[in-house]
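There are 4 protein chains.
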Amino acid sequence: MKQNLFPVVILAVANLYAADDVLNHVSAHEARFGEISRQIWENAELGFHETKSSALLQQELRANGFDVRANLAGMPTAFTATFGSGKPVIALMGEFDALPGLSQKDVPTQSPVVAGAPGHGCGHNLLGSASALAAVAIKEEMQARGLKGTLRYYGTPAEEGGGGKIYMLHAGLFKDVDAVLAWHPGDSNRVSGSLLANNGGRFKFYGVAAHAAAAPDHGRSALDGAMIMLNAIEFLREHVPQETRIHYIITNGGQAPNIVPAFAEVNLVARNPDAQVLNGIWERIMDCAKAGALASGTRMEFEQGTNYSNVLLNDTLGDVLGRAIKKAGGYQFTPEEKKFAEELQKTLGAPVKSPGPDKVFPDKTEAVSSASSDSGDVSWVVPTAQITAATFVPGVGAHTWQAAACAGSSIGRKGMVVAARTLALGAIELFDNPDELKSARDSFETRLAGRKWTTRIPADGKPPLDYATK
Amino acid sequence: MKQNLFPVVILAVANLYAADDVLNHVSAHEARFGEISRQIWENAELGFHETKSSALLQQELRANGFDVRANLAGMPTAFTATFGSGKPVIALMGEFDALPGLSQKDVPTQSPVVAGAPGHGCGHNLLGSASALAAVAIKEEMQARGLKGTLRYYGTPAEEGGGGKIYMLHAGLFKDVDAVLAWHPGDSNRVSGSLLANNGGRFKFYGVAAHAAAAPDHGRSALDGAMIMLNAIEFLREHVPQETRIHYIITNGGQAPNIVPAFAEVNLVARNPDAQVLNGIWERIMDCAKAGALASGTRMEFEQGTNYSNVLLNDTLGDVLGRAIKKAGGYQFTPEEKKFAEELQKTLGAPVKSPGPDKVFPDKTEAVSSASSDSGDVSWVVPTAQITAATFVPGVGAHTWQAAACAGSSIGRKGMVVAARTLALGAIELFDNPDELKSARDSFETRLAGRKWTTRIPADGKPPLDYATK
Amino acid sequence: MKQNLFPVVILAVANLYAADDVLNHVSAHEARFGEISRQIWENAELGFHETKSSALLQQELRANGFDVRANLAGMPTAFTATFGSGKPVIALMGEFDALPGLSQKDVPTQSPVVAGAPGHGCGHNLLGSASALAAVAIKEEMQARGLKGTLRYYGTPAEEGGGGKIYMLHAGLFKDVDAVLAWHPGDSNRVSGSLLANNGGRFKFYGVAAHAAAAPDHGRSALDGAMIMLNAIEFLREHVPQETRIHYIITNGGQAPNIVPAFAEVNLVARNPDAQVLNGIWERIMDCAKAGALASGTRMEFEQGTNYSNVLLNDTLGDVLGRAIKKAGGYQFTPEEKKFAEELQKTLGAPVKSPGPDKVFPDKTEAVSSASSDSGDVSWVVPTAQITAATFVPGVGAHTWQAAACAGSSIGRKGMVVAARTLALGAIELFDNPDELKSARDSFETRLAGRKWTTRIPADGKPPLDYATK
Amino acid sequence: MKQNLFPVVILAVANLYAADDVLNHVSAHEARFGEISRQIWENAELGFHETKSSALLQQELRANGFDVRANLAGMPTAFTATFGSGKPVIALMGEFDALPGLSQKDVPTQSPVVAGAPGHGCGHNLLGSASALAAVAIKEEMQARGLKGTLRYYGTPAEEGGGGKIYMLHAGLFKDVDAVLAWHPGDSNRVSGSLLANNGGRFKFYGVAAHAAAAPDHGRSALDGAMIMLNAIEFLREHVPQETRIHYIITNGGQAPNIVPAFAEVNLVARNPDAQVLNGIWERIMDCAKAGALASGTRMEFEQGTNYSNVLLNDTLGDVLGRAIKKAGGYQFTPEEKKFAEELQKTLGAPVKSPGPDKVFPDKTEAVSSASSDSGDVSWVVPTAQITAATFVPGVGAHTWQAAACAGSSIGRKGMVVAARTLALGAIELFDNPDELKSARDSFETRLAGRKWTTRIPADGKPPLDYATK
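Chains as they are written, first to last, in the working numbering: chain A, 2 to 471; chain B, 2 to 471; chain C, 2 to 471; chain D, 2 to 471.
Please note that the accuracy of each hint is not assured.
Given that identical chains are not distinguished, each listed pair holds provided it fits within a single copy or across any two copies.
Result set (DSS-like, lysine-lysine): computed pairs, CA atoms no more than 30 Å apart in a straight line [to be verified]: (1) Lys453 x Lys354; (2) Lys354 x Lys365; (3) Lys354 x Lys339.
Rather than coming from a laboratory, the hints here were simulated on the basis of the structure. The model shown is predicted, which means the values in this text are computed figures rather than measured ones.
With the rest of the complex left out, here is chain A (with noise of 0.2 Å):
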């Protein structure tokens, strides 16, 4: 082998350089999409009804000669925005849904801009906003060096529960697809493990109501249909691989002490590094809640909500990834942001251990973060892998006002510019080689190893519209 070593060197070097052209149209670009994710954070729109934000982005994408097309597979706020023709077929993902009860301001001290409303608190506006301008960026070095195929950008909405890739996967809106590179804000710059595959939803007890002093006999309690499956959920998690996570809480556990309760609902969440894995463990938490309503003399009616898989890891692509954002690089904080960094970690109550925002982390993981999103499922379909950036302060947590403080801030802002620049790195790598895709394409289907994409959500599903707001 030792003879093809400095050929190789060479070619790898000039991709590099014709590469590199892409992060000057990012540099181009990178204030006008700071400023749509600053706008997106502001409105923070929940999942489904991200109208305004996705609006913009569709609206600065047709702006940029992108085919867009919207409302799709039933959902409003759903799109997707094209650039060339033929293959290879690369795309980049966009979420820009909010979280309810995260309303910040870009403080580092907890500071609702509104009590109780909603709050970019998983920096989902630099994520939409981050993929839009490698989209742009790509673009123009495409049209720059005339490089073949398709670009195409996917406005996923919901993905905090609402599962909008889901809906567009079943709808064959990826179906020509070769290579996936998506990203996600967090607190350092690395290329992505897997994560969880998570399924949930709401388990409803019916029993029947009577006075609880006069006649408890003739009472069938639906509380007690749901604490005795719980209990039996209990005993269960001796009996599950122990990277299981269940968890739940009682969403309606009666209505006035004096009443056996006719109605009592369960919402609970499960978990486990392998989707399949999980659905073994499913089946068991059905039981444990069929047997509550059997033990109990109550009725039990399951309702669906949240399932996503686990990712997929792609080596090829995460390699490809992983030489971008070492390419791409880190960034310094200003003294003010340090300022900002420093007054936000006291905020945290633990000794902060993450690495700075100039640190990068190229090398693949089979780590398994304990998070779950809808680009799981995503990668069981295409060949796909992800990156992070830096986008919160080192030691913030997504889900947390702090994560919606930064998200708003120039800090956020920076981290989303190192997302941009792996992203459309990484893309022209892979219209520059579109061999890679093939070995992208066997990594796929190594790993996937004869098994199908599966999911709980039904194909004929009406998107759950509501499910953030009812």
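Following the hints, complete the assembly by docking chains B, C and D onto the known chain A.
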């Protein structure tokens, strides 16, 4: 004793004739107080918020020559209305609070005036009005016959959980009373037995939140605390006297399934025919709650709720009211009322076994109803007896929309008159024969058997004026 | 009806005089049968192993002219002893099985003859002997007075769990009987009320063993199955009639803590005053067991244990025995017996409220004792009444060493004579007045109210001859 | 550093040559000690009852010139055998206790010698014999080469629960030791990682018996206490680190279903890779037990059982044994052994993934086996390293009849020689290079990180000499 029988009978007959006159006074005012009961029914104010209802009764009693003192024992709607002076002191009690969510028109189908608004599902609009009607009639008879002593009406707010009478007891307002004659709406005319003692409140568990997928071992689940407590409560059931009742709901079962619950809350009520037995059981319930906190590594706080004593029956006064209700007599339905009753009974879903309103059951009973009331507490401090009058269509239970419908109808007002007649006859018998009060006191001491009234509602506590609305 | 009163009284008096003669026959044999009771007490054989006890009674009855048929319904120790022929058929029943672990000398301090060996803690040594004594006396009186009909003694094994009478019922051995007069040892002389119906058995859970540290997720815990079932049972308690009893032990809770239990076993008994209500509850108990298996991924098998019906009271026969026990009378303690009684009572740990053996309570009662017996099953097939006789020192309960001590003492033998006298008087009254049997049949049909005897013990089942020793 | 490489290598090679000689001594004695291992296998004595086994090893070591001291630290079967004097002190350890119920012939089908009798299912017959074989070989090599220092063999009884080494540690018997080289039978040849710390014992609940039908409210159920505790334990699982194990059985779940259980007992073991983390978890387990008692009104007593520390790995000694096992080498199966192995593997019910006995894995590992041992406690007091040798057919786990079969076969004896060779080579390397002991001490201190060995087995406690038989 035989030689005394004849004169005694003569005396009784004489009294009875005299006593009968009070019924004329009742008749003279029954339309007016029926109207008042209807106004209170239309206002339907929750416990401690009975401003209009209380004012209406105060005004009427004041207009009839009673000395009214309002805003007592920290409760704006509590009042007394007194006529006469010196011994003996005979008391009547009037409640006037409504129940949440039971708004209902006076029609035999479920039809709220305002959906979700309060309604008089326990007939307290009749309760306060009938006692006031009786008070006015007794006063007129006392004046007519120059009877010595004091007649006092207690306007007692918030029976439905607020425990107004307990605060009035704590304030010493019942200190000089020799006998209390009371009544409650129901579906038949009878001397009442006992009621269950109850005690209840909110068990608040405080844990440590954590991401339920990423770091469940850092969390201490408040919901675990609640569930371990409640599981233990279920085990307790086998080992308490079988007449005991323990019932609960979970009022807060966590915020989101992916967060280890930092807070959870249980609302639990326990009952037993004997307040002292209940005290022992309650200590064991508290032990279960402490065990829940201990085993889950959480903290538990208890917030005292309603605590009502069982009724200490009074044999002498029970006989007095037995004689009185026998003479007061029942009533007949008009054809319209019969039709109303039949239509209403169709909505009950069970065959009606209750006797009609024309029947009267004058015998004392040791039977224990499954309800609880703060009139139980009064019965431990003052000799007290109580009747039920047929204000509801046979088969209709309290705390239902059907009861609310009846309480606003002519049926309710007819039952109210039965009650007023009985109370009036009973009170006059006592004013006529003060020696019976000695016997009532003896009966009281016998049943008390050296025990003392106790309550968990602290003597220096502020009444929970917002309990019905928070 | 008034004009018939006098002759009826005359007749009754005449009968009573005649009936009294049977007491002389009882007296003539009471020493002999007292001795037999002592021999059975000394042998103390467990259910279905009462070889010597059964043989002793058979031999005595055969020697007195009864036609003995043994080894019935698959049970070597079951027998009948018949005298006379034709209608009516009046039956007595004799039990003779002992209890495990209650070996005890006839002294007032706990002192086993052989530690751990069986003992007559339920006084069945007296039960079988007194009924045999009565049978011999009745036979002699029938002969003396030429009374028509059949007298039959049923030797019924294994009342303490084996249910000998049920197999005899299944075999049709009670088919021609008009009335059963029965008795049971106790601490007072009275007509008995009802007994609780019971049902029980073993719930066996089968799981999958695994190393509890290395691979708990490979295991399916049978103990989890049992515990989920039992937790559900605890929740059931609130929602069954309060007179219900459900009690259990865990007879196998796993082999070693480091092995996920592949087997676990629960022994559970439920009771209710009404066998049909119990049936409904039992279905819910089975649902709890099925839920335990379902939720734990294990398999459950149920092994039927004891199933006894409640007693169907018979008003006519209850009156017959009431009259009889009143005439039979109680007895006085000798000074030695009084001393024995007082010493024994000191070991009870609670003040004694029971009346002395000189008292007799002849009134029928609807009270339900907390015990269960297969004589309950007989009462659903044949009109049956039962008394309790004071064979135990006042305050001594069944199934205790104290009861075993009494059952071997002169106190036990005196109580046995009360029983024999009562049964003899009652049977002679029935032979004298066959019309009362019509009335007994009417009372039977009234209480039966169209229902039929049912049992979970299969008609074609083999008696569990080893139940007491396995 | 480069310039030192060559001399170091020279030194190592010189040492290796010298060290190799010790293998000749091993060979010279291996048949004899193989025979001893077989005798111990045939005797198969339970913990603290290993009289013959201990005597056999003592006798053999004494015969080979060791100074034997027996009956140590209160344990008749504990002993030390010492050769030489002064520093350094290098120690080997020998176990020789069997397991209950694992009696098995040396055949590949389940076939006990005496059903239910003890058997060497953990191969301790080989453990003690191989260490003794190594000791004799090392001694001869020390004599041959005049090596300075002390060699000591520790005969450590009752590893299977009795914790003999802990009592020897408490008695100060390891005080002067510089390094312990240890081994354990297994199904491959490798340097061992860590073991789980464990802790366990019996939770005894004391309640109040009562008739479960007649007076359940007078009873306080000990079984309720146990079940409330265990339910709480199930809730605990979610909130401990996922590597934790908690497993239990119910060893006494009540006497009879109609008696409220006055006694119940749980045997529970918990494990974690870190003894200090386990301590924190154990406190929470105790809280669950206390909560069970509190909530059920019962009393709980804890009886300490086995408590073993996790292994504190030693990097230096791990490398020493790594080099040694690499040189010691594995072995080949004969055709007969191959057939035996294949037949035995058929009984395992799972495909075998383990490597053959010809493979050797010399690299240190941080992996944590799911087993626990009192050698873990030694490792917190003295620098210790450990290997596993292939005494069992690949795929055979400890504590099985298959392991017992192997331990009596030529396969077991071949694995035992691998162990003896490795220990001998390792010990000689340490005697040759005392400086490595400094490095071992440094490694020890680094891993200890200022912590100290602790155990719940009290220093002044008597060894539970009857633990295996009570």
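Evaluation of the provided hints:
1. Lys453 x Lys354: between (38 Å within a copy, 27 Å between copies)
2. Lys354 x Lys365: both (20 Å within a copy, 28 Å between copies)
3. Lys354 x Lys339: The answer is within: 16 Å in one copy meets 30 Å, while 53 Å across copies does not.
Violated hints are absent here; each numbered hint is respected by the structure.
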